[in-house]
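As given, the protein sequences belong to chains A and B, one line each in that order.
The UniProt record's numbering puts the first residue of the first sequence at 1, with every later residue one more than the last.
The UniProt record's numbering puts the first residue of the second sequence at 1, with every later residue one more than the last.
To be clear, the hints were calculated from the coordinates, so they are not data collected in a lab.
Glycine is no exception: its CB is placed at the ideal position from the N, C-alpha and C atoms.
Some hints could be false.
Subject to a maximum C-alpha distance of 16 Å in a straight line, what follows is the list of computed EDC-like cross-link-like pairs (lysine to aspartate or glutamate) [stated by the list, open to error]:
(1) B:K55 with B:E6
(2) A:K79 with B:D31
(3) A:K79 with A:D40
(4) A:K89 with A:E15
(5) B:K26 with A:E87
(6) A:K89 with B:D14
(7) B:K50 with A:D40
(8) B:K26 with A:E15
(9) B:K29 with A:E87
(10) B:K29 with A:D85
(11) B:K29 with A:E88
(12) B:K26 with A:D85
(13) B:K29 with A:E15
(14) B:K43 with B:D14
(15) B:K43 with A:D40
Simulated coverage check for chain B against chain A, where a stretch passes if three residues somewhere in it have a Cβ under 8 Å from a Cβ of chain A [unchecked claim]:
(16) 2–12
(17) 18–24
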Amino acid sequence: MKIWSTEHIFSYPWETVIKAAMRKYPNPMNPSVVGVDVLDRNLDTHGRLHSHRLLSTEWGLPSIVRAILGTSRTLTYIKEHSIVDPEEKKMELCSTNITLTNLVSVDERLVYQPHPENPDVTVLTQEAIITVKGVSLSSYLEGLMALTMSTNARKGWDAIEWIIKNSERENVSLCDLY
Amino acid sequence: MNSVGEECTELKRDYDMCFNRWFAEKFLKGDRSGDPCTEVFKKYQLCVQKAIKDKDIPIDGVEFMGPNKEKTDR
Chain A
1 MKIWSTEHIF SYPWETVIKA AMRKYPNPMN PSVVGVDVLD RNLDTHGRLH
51 SHRLLSTEWG LPSIVRAILG TSRTLTYIKE HSIVDPEEKK MELCSTNITL
101 TNLVSVDERL VYQPHPENPD VTVLTQEAII TVKGVSLSSY LEGLMALTMS
151 TNARKGWDAI EWIIKNSERE NVSLCDLY
Chain B
1 MNSVGEECTE LKRDYDMCFN RWFAEKFLKG DRSGDPCTEV FKKYQLCVQK
51 AIKDKDIPID GVEFMGPNKE KTDR
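Here chain A stands alone, though its shape is the one from the complex (with noise of 0.2 Å):
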């Protein structure tokens, strides 16, 4: 098992961020998701919003990871469950794969909330607990897709961003974008 954790700073006020994450997909940096669905959406007594969605991905993986795992499937589904809060301005989102399940988990968890010195800031903290099953090597396939997971974080960074400065950029809401 592999537990992988980071912390980013966007330098927009949480409102901004949180629309660009609800429609993070499509963007260039992210071209792997290839499929987003929404699969129910509520509100709970508290006046949080909770959305369900399905995600298929090609997953990128190392080559090497897929000849060891054995697997020439590329395309994964992923399923997400997300909670935003607007009073406590956290936005919470958990995400696990549910294929391929018997070779691998890679349980994702960001949270994106105001920081905490400065309001005009957002601070997105990441997790994700990454276990291979079933090979050998294990531990040296979870440090390759941690690696992974670390450069495709860095990818929704700027996702985000991209997403935020497109809107900015043709002043056009970021309900209008997609």
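Given the structure of chain A, go ahead and fit chain B onto it with the hints provided.
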């Protein structure tokens, strides 16, 4: 962005536009008045649920690639 079911992409786009507008202009501003997207969501959902079933996507359970199962590309 496409839907997981290609045939649902138009419905998805209609729903996403409605939702994104509501999310930014109402929800984040504390406006709890009704959800204007329920009708379009229903149509979109019917399509998606069918696509999930057709593609055998295990949203309620897990899918295993065991030794006896043929490795097929999805």
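Would you mind confirming whether the straight-line C-alpha gap from B:K26 to A:D85 stays at or under 16 Å? Given that 16 Å is the threshold and the Cα spacing comes to 13 Å, the pair holds.
Hinted pair, alpha-carbon criterion (16 Å max): B:K29, A:E87. Please report holds or violated. holds, 10 Å
Would the hint linking B:K50 and A:D40 be met if the CA-CA limit is 16 Å? holds, 15 Å
Would you check the hint for B:K43 and A:D40, treating anything up to 16 Å between C-alpha atoms as holding? holds, 13 Å
Hinted pair, alpha-carbon criterion (16 Å max): B:K43, B:D14. Please report holds or violated. holds, 10 Å
Please verify the coverage claim for the stretch 18–24 of chain B: does it have three or more residues whose C-beta sits within 8 Å of some C-beta in chain A? holds (count 5)
Starting from B:K29, check that the Cα of A:E15 is at most 16 Å away, please. holds, 9 Å
Below or equal to 16 Å on CA atoms is what counts here, so check A:K79 against A:D40. holds, 11 Å
Please verify the coverage claim for the stretch 2–12 of chain B: does it have three or more residues whose C-beta sits within 8 Å of some C-beta in chain A? Holds, because 6 residues of the stretch 2–12 of chain B bring their Cβ atoms closer than 8 Å to Cβ atoms of chain A.
16 Å Cα cutoff - pair A:K89, B:D14: Given that 16 Å is the threshold and the Cα spacing comes to 27 Å, the pair is violated.
Given the proposed pairing of B:K29 with A:D85, does the C-alpha separation stay at or below 16 Å? Judged against 16 Å, a Cα distance of about 12 Å means the pair holds.
Pair hint outcome, B:K26 versus A:E87 [Cα-Cα no greater than 16 Å]: Holds, because 13 Å separates the two Cα atoms, which is no more than 16 Å.
Checked against the numbered hints above, the structure violates hints 2, 6; every other hint is satisfied.
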